[in-house]
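*Asks:* The chain contents come next:
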Amino acid sequence: MAEAVIQTEKLTRKFGSFTAVDEISFSVASGEIFGFLGANGAGKTTAMKMLTGLLAPTSGEATVAGFDVYRETESIRRNIGYMSQRFSLYDDLTPRENIRFFGGIYGLGSSELREKGERLLDSLDLQESADTRLAALPLGWKQKLAFSVALLHEPKLIFLDEPTGGVDPVTRRRFWDMIYDATDRGVTVFVTTHYMDEAEYCDRVSIMVDGRIAALDTPAMLKKQFAAETMNEVFIQLARPAKRGEG
Amino acid sequence: MKRFIAFVRKEFYHIVRDRRTAAILFGMPILQLLLFGYAIRNEVSEVRTGILDMSHDTVTEAITDKLFSSGTFIFAGNLQSEKEIAPAFAAGRMNEVVVFEPDFAGRLQKDGVARMQVVTDGSDPNVSRIVTGYTQAVVSDYLAEQADGSARQVGVEAVPLMMFNPSLKSVYLFVPGLMAMILMLVSALMTSISITREKESGTMELLLVSSLRPVQIIVGKVVPYLLLSFVNVVTVVSLAYFVFGVPCRGNVALLFAESLLFIMTALSLGIMISTITNSQQVAMMVSLAGLLLPTVLLSGFIFPIHSMAWPLQVISNIIPARWYLVIVRGIMLKGAGIAVLWKETLTLLVMTVLFMAASVRKFSERLQ
Ligand SMILES: Nc1ncnc2c1ncn2[C@@H]1O[C@H](COP(=O)(O)OP(=O)(O)OP(=O)(O)O)[C@@H](O)[C@H]1O
Ligand SMILES: [Mg+2]
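In order, the protein sequence lines correspond to chains X and S. Numbered by numbering that gives the first Met the number 0, the letters in the first sequence go through residues 0 to 246 in order. Numbered by numbering that gives the first Met the number 0, the letters in the second sequence go through residues 0 to 367 in order.
Derived by calculation from the structure, the hints in this document are not laboratory data. C-beta atoms are modelled at their ideal positions from N, C-alpha and C, and glycine is treated no differently. Please note: incorrect hints may appear among the correct ones.
Reference listing, derived: stretches of chain X covered by chain S, where coverage requires no fewer than 3 residues with Cβ under 8 Å from a Cβ of chain S [as the list claims (entries may be wrong)]:
1. 49-59
2. 70-79
3. 82-89
4. 96-105
Partial pick of chain X residues on the chain S-facing surface, computed with a CB cut under 10 Å [said to hold, decoys possible]:
5. L92
6. T93
7. G108
8. S109
9. R132
10. A145
11. V148
12. A149
13. H152
14. F158
Once the Cα atoms are required to be at most 25 Å apart in a straight line, the calculated DSS-like pairs of lysine-lysine come out as [unchecked claim]:
15. S:K198 to X:K13
16. S:K1 to X:K155
17. S:K65 to S:K109
18. X:K141 to X:K155
19. X:K242 to X:K13
20. X:K9 to X:K155
21. S:K361 to X:K13
22. X:K141 to X:K115
23. X:K141 to S:K198
24. X:K115 to S:K1
25. X:K115 to X:K155
All chains, full assembly: derive it from the sequences and hints.
*Replies:* Here is the structure:
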């Protein structure tokens, strides 16, 4: 296996007496697409926030891109991209302004930024809407833009928290084409999703239940292990005993 | 630096794009000043006149009649002595008192000259001048009518006297209060809303994940509103000067510097609010109820501090606007300098440093 880009050891986060993430241990290899599954409230976002340095862990160990999540959050941030669960670019800014802003705060030079921005607008087919406020664009486009913006500073590793929530399967498929393009360039992808068809696109998948990792393997191995036809069946078998979530 | 410029540019986009924000930021100060300024002027231009007649003869009574039949002057009572003038002004019962000297008709007859005094509430000199002029016009009118019959030229010397109005009804006293209110509103409310908006929309997470430090985010948020608030100070001061004739008797640079200090106080309060809530709605409520209301009610803007119940007087000490108000009134109306105002300035400075330190710490802490 290639070198580990993410490595956690009994990583835990409590909110008061409630343990949102309970001693999770796993590693993600360089260049991998790592699917992070779990029902609502399983603790996916909380785990991701600890790995991106947004939330301090309660206990346990973790390194991201070789840096410690307790002490070296600044170095981590320089090396990762992040797309948060709520779609989040500035709705009152145009795509071009969003690109310029996020490129700017990552310290990209203005000529580099202009060139990259134009290329990005071309590849997203957004040139026509480049000066329209984001609020007027369809969600699918915004998500693709947010993804590209998160990659502007060319991070080695990108965290995607339910990047395709709320859009149709065709748009989702196109989004995953972009993810594959990124991995072709050597980017490691850590992605959470609720869609089981998307789980099939991942190299490896972990399934979280009530803050713990209940299973972790390639989709093929997981299906074999649980004697299931689809990832959906695997997920249902694992998630049924869950105490949190919609139930 | 490049990142910082990117950040500030983005903030300006937000401000300009959001019509409601832009309207509050630029329209409100001007609108409020004009509205209140004119409302107060109208109140004064209704001339409530008191008469202090130390002669009580046919001439003084004729002049008095003439005055009140003109329609501009409203009879507000007879006074018995000069001592009653100031309290009448203070209570806002009168804004003009006409004083006739003893033996008015006799002197007019004997010397050809009699003296009357037109005392006006000088809190607005423009209005005072108009009132005085109008009174004199009525008197000369009367004299001209009388002169028709006799060959002898007589004159009345109307001596104008302006008296300062200690009741709070004046544009002069209003402008400093308005400045405090606008700065509190623009700086504290707007920053707290703009920060909580980023929390609501999730963009704050993106900012925090980028390698921007919390302090850099705060500075990026603060600078645009600092600039805008400063523009507002300049607008209000010039508008007050050119439209209402409110002078700045002291050093203008000092006035602006003190205003910057107060803006910083308000900004740090705004950041503080945004650290205790994640919702724009709550931030707005807290800013309005927790900051704006005390600024209006407890700073001495509307109600004089010395007339408050003592618990409120004590509370007023922690209202930054109270100190700012003393400073602005001192500089604009009394021409005071830093030598007089250093205590208030120091108080504000200490408050600002404390609030700023606390809010930056809380803002960074939130991450943990
Ligand atoms: N700041 C917080 N304070 C208290 N509890 C929290 C906090 N953040 C998350 N939780 C709780 O931790 C649990 C895990 O939340 P988390 O957001 O990580 O779940 P998730 O797997 O991302 O769910 P979803 O699929 O709905 O996004 C939930 O029960 C949630 O209520
Ligand atoms: Mg989540």
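*Asks:* Flag every earlier hint the structure violates by its number, smallest first.
*Replies:* none
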